[in-house]
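Peer 1: Given next are the chains, with one letter for each unit.
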Amino acid sequence: MESSSLQTEVIKAGNDLAKRIIPCLDVKDGRTVKGVNFVALRDAGDPVELAYQYSRQGADELVFLDITATHERRKTIVELVKAVARQVNIPFTIGGGINEISDADILLNSGADKISVNSAVVRNPAFIDELALAFGKQFVVVAIDTKHINGKNYVHLNGGRIATEIETEDWIREAESRGAGEILLTSMDHDGTKAGFDNGLLKKINNTLSIPLIASGGAGNIQDFVDVFKISNADAALAASVFHYGEILIPDLKKVLQQNNIEVRI
Amino acid sequence: MIGIVYYGAGNIFSLTAALDRLGLSYGMIKTAEDFEKYDRYIIPGVGHAGSAMQKLEDTGLVPSIIALRKPVLGICVGMQLLTTHSEEGDSELTGIIPLQTRLFSDKLNVKVPHTGWNKVFQSSKNPLFSDIRPGTHFYFVHSYFIEFNPIFTIALAEYGIKFSAVIQKDNFYGVQFHPEKSGIAGEQLLKNFAHLA
Chain H
1 MESSSLQTEV IKAGNDLAKR IIPCLDVKDG RTVKGVNFVA LRDAGDPVEL
51 AYQYSRQGAD ELVFLDITAT HERRKTIVEL VKAVARQVNI PFTIGGGINE
101 ISDADILLNS GADKISVNSA VVRNPAFIDE LALAFGKQFV VVAIDTKHIN
151 GKNYVHLNGG RIATEIETED WIREAESRGA GEILLTSMDH DGTKAGFDNG
201 LLKKINNTLS IPLIASGGAG NIQDFVDVFK ISNADAALAA SVFHYGEILI
251 PDLKKVLQQN NIEVRI
Chain X
1001 MIGIVYYGAG NIFSLTAALD RLGLSYGMIK TAEDFEKYDR YIIPGVGHAG
1051 SAMQKLEDTG LVPSIIALRK PVLGICVGMQ LLTTHSEEGD SELTGIIPLQ
1101 TRLFSDKLNV KVPHTGWNKV FQSSKNPLFS DIRPGTHFYF VHSYFIEFNP
1151 IFTIALAEYG IKFSAVIQKD NFYGVQFHPE KSGIAGEQLL KNFAHLA
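Protein sequences, first through last, are from chains H and X.
Going by my numbering, the first residue of the first sequence is number 1, and it counts up by one from there.
Going by my numbering, the first residue of the second sequence is number 1001, and it counts up by one from there.
Simulated from the structure, these hints should not be mistaken for laboratory data.
Each hint should be verified, as a subset may be incorrect.
In silico DSSO-like cross-links for lysine-lysine, where the CA-CA straight-line distance does not exceed 30 Å [unchecked claim]:
(1) H:Lys152 / H:Lys75
(2) X:Lys1107 / H:Lys147
(3) H:Lys255 / X:Lys1162
(4) H:Lys152 / H:Lys194
(5) H:Lys203 / X:Lys1162
(6) H:Lys230 / X:Lys1111
(7) X:Lys1111 / H:Lys204
(8) X:Lys1070 / X:Lys1107
(9) X:Lys1107 / H:Lys230
(10) H:Lys230 / H:Lys147
(11) H:Lys75 / H:Lys28
(12) X:Lys1169 / X:Lys1191
(13) X:Lys1055 / H:Lys204
(14) X:Lys1169 / H:Lys82
(15) H:Lys194 / X:Lys1055
(16) X:Lys1055 / X:Lys1111
(17) X:Lys1037 / H:Lys82
(18) H:Lys28 / H:Lys230
(19) X:Lys1055 / H:Lys203
(20) X:Lys1162 / H:Lys230
(21) H:Lys203 / X:Lys1037
(22) H:Lys204 / X:Lys1162
(23) X:Lys1030 / H:Lys82
(24) H:Lys152 / X:Lys1030
(25) H:Lys255 / X:Lys1191
(26) H:Lys82 / H:Lys147
(27) X:Lys1169 / X:Lys1125
(28) X:Lys1070 / X:Lys1111
(29) H:Lys230 / H:Lys194
(30) X:Lys1162 / H:Lys82
(31) H:Lys255 / X:Lys1111
Which stretches of chain X does chain H cover? Using the computed rule of at least three CB atoms under 8 Å from a CB of chain H, they are [stated by the list, open to error]:
(32) 1028-1042
(33) 1138-1146
To give a feel for the contact side, a few chain X residues facing chain H, derived at Cβ under 10 Å [claimed, not checked]:
(34) Arg1021
(35) Gly1023
(36) Gly1047
(37) Glu1057
(38) Pro1113
(39) Val1120
(40) Phe1152
Quick reminder that beta carbons are idealized off the backbone N, C-alpha and C, glycines included.
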């Protein structure tokens, strides 16, 4: 009896879709770049083992950003994707250097659930349409690095190093209409500060968006995750160093989110 | 041993990887004769339901699938192929389970695609859910859903509307979520399927 009344209550609440927690791993030449500080790891530089540990801790999804710049890149990234898909039982996204349909195709067939595209689609927006047509929009995450300048938000390229004159809100609207399945929005102003997510901007964007939004940039403590979900209602929150250095453990984080009535998968 | 219907709709690397992790053996079904080699079957599928159906038709395997009497599990678009019709491309499907596949409409006021871990509530006791608690989260990625039906829906999910997370008619089962990406719960469901009588 008790479980059936609980069931009714949860269904009425209509929030059965969990907010997602996503650790992000930077990878170069098949190895993780940023330092990691997990006691359990045999090899902190091995992205596959790290991914496995995160999946065991309760991460809902993983993002790998590949920054390899050598000729061997495609081979190393495909090997990485296959190894992750073999070991890990949660979905993952791979980004970095995807410029052609064939790049995406080989990643899909190696077990990647989604690809993330950033500068390549700003330079060639029609690539979003091509990817969505070839693989379905659920496969296409458009990642955007944004920076606040003189009262407006502008898209930045190449990891935030190159400014554009494209306003972030305009680009998000275009990406969505071209077939993006999800937006990964990183605030350059907040990234690395550990002062919390850019909740104001994320809320404004999320209110106009009809595809999922992943919040990124600024996570410093558990309360920052509570705030981003409560204020912006983003669908997912992504972070790197707070997870890699063990400053936030995912089980602790999810417990606090749950205590704050935020739907999470435990 | 599980036979995976091989018809070229999407990537099966993650599915075979999950079966490998679980120590469940499998092979690929490419011709009608291959069905005899296995005691249960998985129909995978991602992408457009209409084009997936076209690819399945092209293999010539549809009559054999309809005639199967051993357990069959359709995953995601592979589940939708079991229904009669999809609003995606106004496509006629196999009609094995008399249900409609519909689009999450704007009126539901939910984001589409439905992406992420959603609670699933089983509405009847079924060995497919052995050791899986009602309300467990499974990983979904889809824009079209199968309508809720009191007879054929054996687990429901809610996302703006109640819809079929799992359907069953006789030996045919379908799951809208991806068990191969749904953590330990998804692996348990695959194990349960592998042990269905």
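Peer 1: Compare the structure with each hint and give your call.
Peer 2: Now for the hints, and whether the structure bears them out:
1. H:Lys152 / H:Lys75: violated, 40 Å
2. X:Lys1107 / H:Lys147: violated, 34 Å
3. H:Lys255 / X:Lys1162: Given pair lysine 255 (chain H), lysine 1162 (chain X) holds - Cα atoms ~27 Å apart, limit 30 Å.
4. H:Lys152 / H:Lys194: holds, 22 Å
5. H:Lys203 / X:Lys1162: holds, 27 Å
6. H:Lys230 / X:Lys1111: holds, 17 Å
7. X:Lys1111 / H:Lys204: Holds, at roughly 16 Å.
8. X:Lys1070 / X:Lys1107: violated, 40 Å
9. X:Lys1107 / H:Lys230: holds, 24 Å
10. H:Lys230 / H:Lys147: holds, 23 Å
11. H:Lys75 / H:Lys28: holds, 12 Å
12. X:Lys1169 / X:Lys1191: holds, 20 Å
13. X:Lys1055 / H:Lys204: Not OK: lysine 1055 (chain X) and lysine 204 (chain H) at ~42 Å, beyond 30 Å, violated.
14. X:Lys1169 / H:Lys82: violated, 35 Å
15. H:Lys194 / X:Lys1055: Given pair lysine 194 (chain H), lysine 1055 (chain X) is violated - Cα atoms ~49 Å apart, limit 30 Å.
16. X:Lys1055 / X:Lys1111: holds, 29 Å
17. X:Lys1037 / H:Lys82: At roughly 28 Å apart (the allowed maximum being 30 Å), lysine 82 (chain H) and lysine 1037 (chain X) satisfy the hint.
18. H:Lys28 / H:Lys230: Distance of about 35 Å is beyond 30 Å: violated.
19. X:Lys1055 / H:Lys203: violated, 42 Å
20. X:Lys1162 / H:Lys230: holds, 25 Å
21. H:Lys203 / X:Lys1037: violated, 55 Å
22. H:Lys204 / X:Lys1162: holds, 29 Å
23. X:Lys1030 / H:Lys82: holds, 24 Å
24. H:Lys152 / X:Lys1030: violated, 56 Å
25. H:Lys255 / X:Lys1191: holds, 29 Å
26. H:Lys82 / H:Lys147: Outside the cut-off at roughly 35 Å; violated.
27. X:Lys1169 / X:Lys1125: holds, 14 Å
28. X:Lys1070 / X:Lys1111: At roughly 37 Å apart (the allowed maximum being 30 Å), lysine 1111 (chain X) and lysine 1070 (chain X) break the hint.
29. H:Lys230 / H:Lys194: holds, 18 Å
30. X:Lys1162 / H:Lys82: Violated - the C-alpha atoms of lysine 82 (chain H) and lysine 1162 (chain X) are around 35 Å apart, more than 30 Å.
31. H:Lys255 / X:Lys1111: Cα-Cα ~26 Å, so holds.
32. 1028-1042: violated (count 0)
33. 1138-1146: Satisfied; 4 residues make the cut.
34. Arg1021: holds, 7 Å
35. Gly1023: violated, 13 Å
36. Gly1047: Holds - the Cβ of glycine 1047 (chain X) comes within 10 Å of chain H, reaching about 5 Å at its closest.
37. Glu1057: violated, 20 Å
38. Pro1113: holds, 5 Å
39. Val1120: holds, 8 Å
40. Phe1152: violated, 19 Å
Hints 1, 2, 8, 13, 14, 15, 18, 19, 21, 24, 26, 28, 30, 32, 35, 37 and 40, counting from the list given before, are not met by this structure.
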